[in-house]
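Sequences listed follow chains X and H, in order.
Just so we're aligned: the first sequence equals residues 228 to 460 in this note's numbering.
Just so we're aligned: the second sequence equals residues 4 to 190 in this note's numbering.
Simulated from the structure, these hints should not be mistaken for laboratory data.
Hints should not be assumed to be uniformly reliable.
Unchecked claim - One side only, chain H facing chain X, incomplete, derived with CB under 8 Å: (1) A17; (2) N18; (3) A21; (4) V26; (5) F30; (6) D46; (7) I56; (8) A119; (9) R120; (10) L146; (11) L166.
Computed from a prediction, not measured in an experiment: that's the story for all the values here.
We put the beta carbon where it would ideally sit given N, CA and C, even for glycine.
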Amino acid sequence: MTSEKDDDAALRALYAAAKRERPSAGARERAFERALGSGRAGGRRRNGVVVAALAVAAGVALTAGLSAVRRGPVSVGPEPVPVRLTRANPSPDLPRAASAAARVSPPASSAEPSAAHVEKAAAPAPAPTLGDEIAQLQAVRTALGAGDPKRALALLDRYARSTRGGSLGDEALVLRLDALTRAGRGAEASALASRFVANNPGSPLVDRARAFVGVPKPAASTAPSPTPAEKTE
Amino acid sequence: MSGHDAGESPLQSANDRAIRRLVEEHFDFIWRLVRRLGLSVSDADDATQEVFIVAARRITSIESGRERTFLYGTALRVLANARRGARRRREQPGTELAELAASARGPDELLDDERARTRLDALLAELPLELRRVVVLAELEELSVPEIATLEGLPLGTAASRLRRARERLRELAAEATEKGREASDA
Numbered sequence: 228m229t230s231e232k233d234d235d236a237a238l239r240a241l242y243a244a245a246k247r248e249r250p251s252a253g254a255r256e257r258a259f260e261r262a263l264g265s266g267r268a269g270g271r272r273r274n275g276v277v278v279a280a281l282a283v284a285a286g287v288a289l290t291a292g293l294s295a296v297r298r299g300p301v302s303v304g305p306e307p308v309p310v311r312l313t314r315a316n317p318s319p320d321l322p323r324a325a326s327a328a329a330r331v332s333p334p335a336s337s338a339e340p341s342a343a344h345v346e347k348a349a350a351p352a353p354a355p356t357l358g359d360e361i362a363q364l365q366a367v368r369t370a371l372g373a374g375d376p377k378r379a380l381a382l383l384d385r386y387a388r389s390t391r392g393g394s395l396g397d398e399a400l401v402l403r404l405d406a407l408t409r410a411g412r413g414a415e416a417s418a419l420a421s422r423f424v425a426n427n428p429g430s431p432l433v434d435r436a437r438a439f440v441g442v443p444k445p446a447a448s449t450a451p452s453p454t455p456a457e458k459t460e
Numbered sequence: 004m005s006g007h008d009a010g011e012s013p014l015q016s017a018n019d020r021a022i023r024r025l026v027e028e029h030f031d032f033i034w035r036l037v038r039r040l041g042l043s044v045s046d047a048d049d050a051t052q053e054v055f056i057v058a059a060r061r062i063t064s065i066e067s068g069r070e071r072t073f074l075y076g077t078a079l080r081v082l083a084n085a086r087r088g089a090r091r092r093r094e095q096p097g098t099e100l101a102e103l104a105a106s107a108r109g110p111d112e113l114l115d116d117e118r119a120r121t122r123l124d125a126l127l128a129e130l131p132l133e134l135r136r137v138v139v140l141a142e143l144e145e146l147s148v149p150e151i152a153t154l155e156g157l158p159l160g161t162a163a164s165r166l167r168r169a170r171e172r173l174r175e176l177a178a179e180a181t182e183k184g185r186e187a188s189d190a
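This is chain X alone, in the form it adopts within the complex:
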């Protein structure tokens, strides 16, 4: 007979071996590349609204004027349509929360059936998702559109604190340049833009930032609406 101790030690050795196992060489990179391609294709073809919202949040609206803002908000919420994992007969071995997660949860404000114990479980809080960042920048854009650059600046400060830079830091900076300019602080905007241009020559937003260098006043907002990203496909 073996003792429980021996069995436990044997099992621990097996677990240790399993922990040491690694994916095939390059599997992670391949997954990233494929995921990237899929994220782009999926975003453009099936998710035009979200992509349009992304473009707006990026500050595309800035250079073309903010008239579009007043026409109505663009939804940045997740669309509720399941992608392709939903099956007619869901496997009975799938846990409830997992199934719910795979269907993608509704926007954060709505209650979820399993939320009670999920919240108690107090999972560690990771960095905000891109969706959160977009929502925050959307609020900035809305404030700008409503002619409230001070509020936009306050929201941008909050964004900077909550994301510590975030994935959309450059986009936030361009929004800040616009907010500063509209708040009559064109000199600050110009200085900030100069610094950004000098430090981020490779940024895709460098041209947009450069437009604020030495510009004391906001451009007239009679330009046509920005072209939504969905039309590019």
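Knowing the structure of chain X, use the given hints to seat chain H on it.
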């Protein structure tokens, strides 16, 4: 390189960074999960890739703080599909244990990692799926019971009792396998 176009939308590149972060933080977790839930190395590579393709499509709608839960749920669905699609090996109950016994000729024998993993998989294969998942999360990913409960959508007590049952069962199976191995080497 990932081939960024000069004219690419800045938000697109932010999107790419978010996908990159998701892959970097969770790829190994998902891979080990599907691997221990029954896929071969190459099938695990493929399944994990599929999980992240799905996640990338939904990158802007994954709730803050629920990335792992989203990926976990997606992985289980991908896994279920992979199982259904796989050539159905009609395994008789006990077959894997018998193989395991045959491969474990001496309790003191030092197993290399490959053999250890084969043994582990044989033991895990004897567990019902719901027990298998919790023990993999606890022992290999070193997740706490509350974390497991979150991923599985279970009350804490249920998660704890499943984990307890899984560990008891694995211990019994390990003892059984060792006995069989000993009998085989005595014969």
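Do the hints match the structure? See the list:
Annotation: interface hint on A17 (chain H) holds; nearest CB of chain X at approximately 5 Å, less than 8 Å. Against a cut-off of 8 Å between C-beta atoms, the interface hint on N18 (chain H) holds, since the closest Cβ of chain X lies about 6 Å away. Against a cut-off of 8 Å between C-beta atoms, the interface hint on A21 (chain H) holds, since the closest Cβ of chain X lies about 4 Å away. Because the smallest distance between the Cβ of V26 (chain H) and any Cβ of chain X comes to about 5 Å, under 8 Å, the interface hint for this residue holds.
The interface hint given for F30 (chain H) is met, as the beta carbon of that residue sits about 5 Å from the closest beta carbon of chain X, less than 8 Å. The closest approach between the C-beta of D46 (chain H) and any C-beta of chain X is roughly 11 Å, which is over the 8 Å cut-off, so the hint fails. Among the interface hints, the one on I56 (chain H) holds; its C-beta lies about 4 Å from the nearest C-beta in chain X, closer than the 8 Å criterion. The interface hint given for A119 (chain H) is met, as the beta carbon of that residue sits about 3 Å from the closest beta carbon of chain X, less than 8 Å.
A cut of 8 Å between beta carbons decides the hint on R120 (chain H): the least distance to chain X is about 5 Å, and the hint holds. Interface hint status for L146 (chain H): violated, as the beta-carbon distance to the closest one in chain X is roughly 10 Å, over 8 Å. Annotation: L166 (chain H) was flagged as interfacial toward chain X, and the flag is violated, the nearest CB pair being 14 Å apart, outside 8 Å.
Consistency with the previously given hints fails for numbers 6, 10, 11, ordered from lowest to highest.
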